[in-house]
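Those sequence lines, one after another, are chains A and B.
Going left to right, the first sequence walks through residues 318 to 618 as this note's numbering numbers them.
Going left to right, the second sequence walks through residues 103 to 401 as this note's numbering numbers them.
One thing to keep in mind: the hints can contain errors.
Stated by the list, open to error - Just some of the chain B residues that point at chain A, by a computed CB distance under 7 Å:
{"no.": "1", "residue": "Met152"}
{"no.": "2", "residue": "Val238"}
{"no.": "3", "residue": "Val248"}
{"no.": "4", "residue": "Ile340"}
{"no.": "5", "residue": "Ile368"}
{"no.": "6", "residue": "Ser376"}
{"no.": "7", "residue": "Glu387"}
Claimed, not checked - Subject to a maximum C-alpha distance of 27 Å in a straight line, what follows is the list of computed DSS-like cross-link-like pairs (lysine-lysine):
{"no.": "8", "chain 1": "A", "residue 1": "Lys402", "chain 2": "A", "residue 2": "Lys488"}
{"no.": "9", "chain 1": "B", "residue 1": "Lys388", "chain 2": "A", "residue 2": "Lys429"}
{"no.": "10", "chain 1": "A", "residue 1": "Lys526", "chain 2": "A", "residue 2": "Lys537"}
{"no.": "11", "chain 1": "A", "residue 1": "Lys488", "chain 2": "A", "residue 2": "Lys572"}
{"no.": "12", "chain 1": "A", "residue 1": "Lys545", "chain 2": "B", "residue 2": "Lys388"}
Think of the hints as simulated: they come from the structure by calculation, not from any bench.
For each residue, glycine too, the CB sits at the ideal point set by N, CA and C.
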Amino acid sequence: MSLANRAGLSLDGDYTIEQKEAVLGYLLIAPALLLVAGVIVYPVLYNIYLSFTEVPLSPSQAPVWVGLQHYQTLVSSSEFWAALKTTVIFTFFSDLLATIGGLGVAILFNRKFRGRRLVRGLMLLPYVAPLIAVAYVWQLLLDPLYGVVPFLLSDVLGLYSGNLDLLNNAKSALWTVIAFDAWRYFPFAFLMIIARLQAIPSDMYEAAKIDGAGRIAQFKDITLAELKYVLATVFLLRWIWNFNKFADIWLLTRKVNTLSLYAYQTAFANYKQGQAAAIAMVLFVALMGFVLVYVSWILEW
Amino acid sequence: MVHTILTTVTDSFKTAFGQSRIETSLWERVVFYAAVGLTLVVSLVPFYWMIVTSFMPESAIYSLPPSFVPQELTLKHYRAVFSPETFPFVTYFKNSFIIAVVTGGLSVIVSTFGAYSFARLNYPGRGLFSRGVLLVYMFSGILLVVPLFQIVVWLGLVDSLGSLVITYLVQTLPVSLYMLGNYFRSVPPEIEEAAMMDGYSRLEVIFRITLPLSAPAIVAVFIYTFMIAWNEYLFASIFLQSQANFTLPIGLDALSSGLHQVWGQIMAASLLTSIPIIVMFVYLEKYMVEGLTFGSVEG
Chain A
318 MSLANRAGLS LDGDYTIEQK EAVLGYLLIA PALLLVAGVI VYPVLYNIYL SFTEVPLSPS
378 QAPVWVGLQH YQTLVSSSEF WAALKTTVIF TFFSDLLATI GGLGVAILFN RKFRGRRLVR
438 GLMLLPYVAP LIAVAYVWQL LLDPLYGVVP FLLSDVLGLY SGNLDLLNNA KSALWTVIAF
498 DAWRYFPFAF LMIIARLQAI PSDMYEAAKI DGAGRIAQFK DITLAELKYV LATVFLLRWI
558 WNFNKFADIW LLTRKVNTLS LYAYQTAFAN YKQGQAAAIA MVLFVALMGF VLVYVSWILE
618 W
Chain B
103 MVHTILTTVT DSFKTAFGQS RIETSLWERV VFYAAVGLTL VVSLVPFYWM IVTSFMPESA
163 IYSLPPSFVP QELTLKHYRA VFSPETFPFV TYFKNSFIIA VVTGGLSVIV STFGAYSFAR
223 LNYPGRGLFS RGVLLVYMFS GILLVVPLFQ IVVWLGLVDS LGSLVITYLV QTLPVSLYML
283 GNYFRSVPPE IEEAAMMDGY SRLEVIFRIT LPLSAPAIVA VFIYTFMIAW NEYLFASIFL
343 QSQANFTLPI GLDALSSGLH QVWGQIMAAS LLTSIPIIVM FVYLEKYMVE GLTFGSVEG
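The whole structure should be built from the sequences, with the hints applied where relevant.
Right, here's the structure in full:
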């Protein structure tokens, strides 16, 4: 009997409806499972193996087992520890700023006003527009000679003098990239938060008012309490994405060396793919560790 | 004056601080709209600058102080972008478009079948599969980039658009499955059962009833995958080698690092790269917002 018959494509056969449904279920999910197994699960396992090997430049040669060597190199490398620190600083502050920005705008937009739909749509543009486009326009805006941002900060506001290259100066580049990332992703936080904010029943505030709660108390005990879960989730999701962030940083500046960029350069500029696989493993284990601690302590799952 | 502004700023946050009635004081409205205006300025100024620069002559782009309102407009940069001998923008655009459309189409097919299986059919292992697929969501691009590159080299698929399509398809699959699965569950099962009573097979039910009812979710999955494929940089930068195969992100990156001070052309190309995404967004905003909140692998 052919597979098509078993799947219930034709009505004959000695199978019960449950069996036919189960076979159809497996058949329908099979392409997705095969793709995920081949393009995600297998490569992840292969990456673990590669991190213990020296990968030769020529694809015809097999990787050479070197044991823990790459991990030992990492632990004793100051560049690695600096990259880890940069990654944590970048992730924490870009996440925090995007979440606070999203919260502020969600609170602002949680009322009816003329043009709200249009304004909301326009506000989402930084998040929706292609990365390459927004990265370039920010490079132009931050250009030390002709950029608008240095002009405003230096010539108009007088915050600094001279031609400071905000993107290519090791000190300011990290904070510039953090600001860019917060600008690009606050709409994501906004979308998640506004949905929950609009679901808070207004009689909760009425009841609190009758009980004599002040505004600050209402904000803290109702708004923030009701948003606690969604805020924690937004922070976690952005943490996961920002911790792994590559293209957003790479396209703006080569001066901010997070673990992702460190791994990419090790693999494709220095051609040490085994070493890069080990960096990626550390990145993943650090992220998993954070997520597990976060989920058990903050989200109390 | 400053005091008035401060108090009205706090007041403009009144809904959150517990007052749901809309205030009518003039000052409050002024400050509220000023806050909305400030949000818009922060969000939109870079886009304004992109548009303006793409139409400005060089002399105005490289002038101090910057001219916020252009005195003179030119189409020169657009002509340069569309002339193939100087700027292979059309090739990049075409490659990106093919990859994005094929990825979106395949994603709709694979995830529709898979999501239906998760949502409606009963079999041992279903829960494990669906949770396992979501767990995969945690594996980032950077963890996959070295092994996938090795595999692609080993298979001799370097510089092929197909290897990128498969990569993007699978990276977006968990979200696509999740979005569609949720939608299928919201279709009342009674409709499907009634059709099966009438003698339709399960597959006929899927094609004639469930899929037409789920059109909005299918559109959302297509756009979501299209956007990811349109934007992706990391894998494109290592899989593609010949300029004829470049997609927009790496093509533009290569152009801008090769040429110096061609901001007018880069801004024209950036704007043209944004247009397909923004057009889709404007038309399909209501489908997209839901997808975006859960979506965006590495968003």
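Here's how the hints hold up against the structure:
Because the beta carbon of B/Met152 sits about 4 Å from the nearest beta carbon in chain A, less than 7 Å, this interface hint is met. At about 5 Å, the closest approach between the beta carbon of B/Val238 and any beta carbon in chain A falls short of 7 Å, and the interface hint on this residue holds. With a cut of 7 Å, the hint placing B/Val248 at the interface with chain A holds, because the nearest CB-to-CB distance is about 5 Å. Satisfaction of the interface hint for B/Ile340 is found here, the shortest Cβ-Cβ separation to chain A being roughly 6 Å, below the 7 Å cut-off.
Interface restraint check: B/Ile368 against chain A, minimum CB-CB distance 5 Å, threshold 7 Å, status holds. Of the supplied interface hints, the one on B/Ser376 holds, with its beta-carbon coming within about 5 Å of a beta-carbon of chain A, less than 7 Å. Of the supplied interface hints, the one on B/Glu387 holds, with its beta-carbon coming within about 6 Å of a beta-carbon of chain A, less than 7 Å. Among the hinted pairs, A/Lys402 with A/Lys488 is consistent with the structure: their alpha-carbon atoms are about 14 Å apart, no more than 27 Å.
Between B/Lys388 and A/Lys429 the CA atoms are separated by roughly 18 Å; this keeps the pair inside 27 Å, and the hint holds. With a C-alpha separation of about 13 Å, the suggested pairing of A/Lys526 with A/Lys537 holds against the 27 Å cut-off. Distance restraint check for A/Lys488 and A/Lys572: the Cα-Cα separation of roughly 9 Å lies within the 27 Å cut-off, and the hinted pair is therefore satisfied. Of the pairs offered as hints, the one joining A/Lys545 and B/Lys388 holds, with about 26 Å between alpha carbons and a cut-off of 27 Å not exceeded.
Comparing the model with each numbered hint stated earlier shows that all of them hold.
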